[in-house]
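Chains as they are written, first to last, in the numbering used here: chain G, 32 to 381; chain C, 32 to 381.
When chains are identical, the list treats them as one kind, so a pair holds in a single copy or across two.
Heads up, simulated BS3-like pairs for lysine-lysine below, C-alpha to C-alpha not over 25 Å straight-line: (1) K97 - K195; (2) K304 - K248; (3) K329 - K190; (4) K340 - K237; (5) K77 - K156; (6) K348 - K156; (7) K97 - K190; (8) K222 - K97; (9) K192 - K329; (10) K107 - K149.
FYI, nobody ran anything at the bench for these hints, they're computed from the structure.
One-letter residues, chain by chain:
Number of protein chains: 2
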Amino acid sequence: MPVVTNGRLIYAAHPSTFIEPGVHLQYVEEPIDTDTVPLNGGILIKTLTLSSDLYIRRRMRDASVKMFFPPLTIGKPVDNFGVGVVLRSEDPELTPGDHVYGYLSFENYSVAPPLSAKAFQAPKKFDKHPDLPASTYLGSLGMPGQTAYSAWKAFIAEKAKSSKTLFVSSGAGPVGTFVIAYARLTAPHLKIIASAGSPEKLELMKESGADVVFNYKTTDTAEVLAEHGPIDIYWDHVAGATLDAAIQNMNYFGYILRVGTNSGYNENQAGIKNTAMFIHKSLLMRGIQVGFGDDMIKAQEGFQEEATKLVLEGKIKNNETRYHGIKEAGNALADIHRIQTLGKTVIIVE
Amino acid sequence: MPVVTNGRLIYAAHPSTFIEPGVHLQYVEEPIDTDTVPLNGGILIKTLTLSSDLYIRRRMRDASVKMFFPPLTIGKPVDNFGVGVVLRSEDPELTPGDHVYGYLSFENYSVAPPLSAKAFQAPKKFDKHPDLPASTYLGSLGMPGQTAYSAWKAFIAEKAKSSKTLFVSSGAGPVGTFVIAYARLTAPHLKIIASAGSPEKLELMKESGADVVFNYKTTDTAEVLAEHGPIDIYWDHVAGATLDAAIQNMNYFGYILRVGTNSGYNENQAGIKNTAMFIHKSLLMRGIQVGFGDDMIKAQEGFQEEATKLVLEGKIKNNETRYHGIKEAGNALADIHRIQTLGKTVIIVE
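Construct the entire structure; sequences and hints are all you get.
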């Protein structure tokens, strides 16, 4: 198969609010000769699966705005965490047939620079377990699982020992379900309260191990927290009004871990008013990003081994919403901001 | 002098906004027989000096609202940190002539329960240095100094080693001047930026050791911080819009210590909008109160010895605004919310 069709998702324009496929993201097809395309010392990858994540909205920005994650480049394909197979290699560290995980281009076939170029999140070889689908490495065994695992270990595990209550907002996403399940396993004494916006999500959070679940669209967050609190640990995926309600209901010396800002990706977000409570209750609030900072990097140790075992044993589930093909990737990236898909949203490319 | 006049400041009503002497606080005079007033196992104290602090506004609340510091009781005298001399004692741990420091009643003469009753901040014996006025023990050697010292040691000293910039808001108060001076002494590599609201305060912050001072009423906080930042450590006495401007200008892994809420004691306070920045920059924000929590209590060790030495050497100044007599105590408590007095506000009673 030397000349084949290469589907590509091109980043076309910065969105000002919600992502619109066709406007901000354009699907194109081009021929590629997989036998002869120049590798320049790198590798040719066949994409198996790609991840759709909320944070990519933050990468859809002008390059002058500095953030940890690099901006997408207009006119070039979107890239994000994915799993692929090496077809050809000029990199001595990789050979055809190797599975790689890292930032992959949203294309059926893409050329990546050699590892020695040290590109951001460059695809690296990993041992895919034969019993697990590749997309598991984008969910419980990928960035979301790693976020939950390393943030828990670095900042929450010790505090959890002397805590009674954990509140997880947006608890039906891939980080939320992982952290609920992991908390259930490693700190079984905790009362776990979790919120989300649909009956299916409440069910998923229950299955993951939450004791109290509620729909924030139909139930008052502050009332639930007042009834089941005070809250010792708040694992915050949303910020906004939910964060304010949580601050009001935190226990003395409570710990707020800011993991996501789901309520504020596309629209102006409600701020927080209860700043005086930080003093009255000696609260602590910390923001984290996966792989950012010595604490988070150190806490990643042991993740693949421990999480793979838990997934294989069924103790941590990998719940997925699947889109198919690069052609659908634009919808996968856009929909998660509106429809709020269940669990991890992935694009199955192969 | 068996029967003398006892001036008393009675807490009369909860304020809804600013404190009004005569309405919320009433000055009365009553005779007291210092020879015969029953002690019930406690002590008779002659008050030397009393402290006026912003946080007392938080104690002027309904008793049903729970906070670390207890509410004032309507119909009873105000109490707060003060220094007195024991006149009579039925407590075996205290003898006439002893200096005591702790919560004193806003009266010329007051009876305190024995130490064994373990009242909140019960007056305890201390060795007043003969060269220092009693009111020093309400400022640099009292609660404000202890707040700055223990919070710095518990949470900031380690971070300061690898930091370049420190921003202190409301830096001309007793905690602000202490922390600026202490940072200058113990972390001389730091660029110290400090804000306040009058030329006299800017001068005082300069004298205390700040490198960059600005008037937040006439200068845009965000612009100053952008020019001299990014900020590694923000020592926050005000919250509100200043906190939001600081969050915008924090460095990656920046540390925000919430020490005061000066902008919000009497009026609705501006909230903070930049909650997403906590994630982008991996920020940490912690609220503290003096003597509250293991970390803060442990960090108090060595305070009296080290701070007394620094004050005697003139390395930490004790800047004061003085009011005279219990009759003026109501104004002292009210004025600090409006006039914003310079340094530590004290009532000299003797």
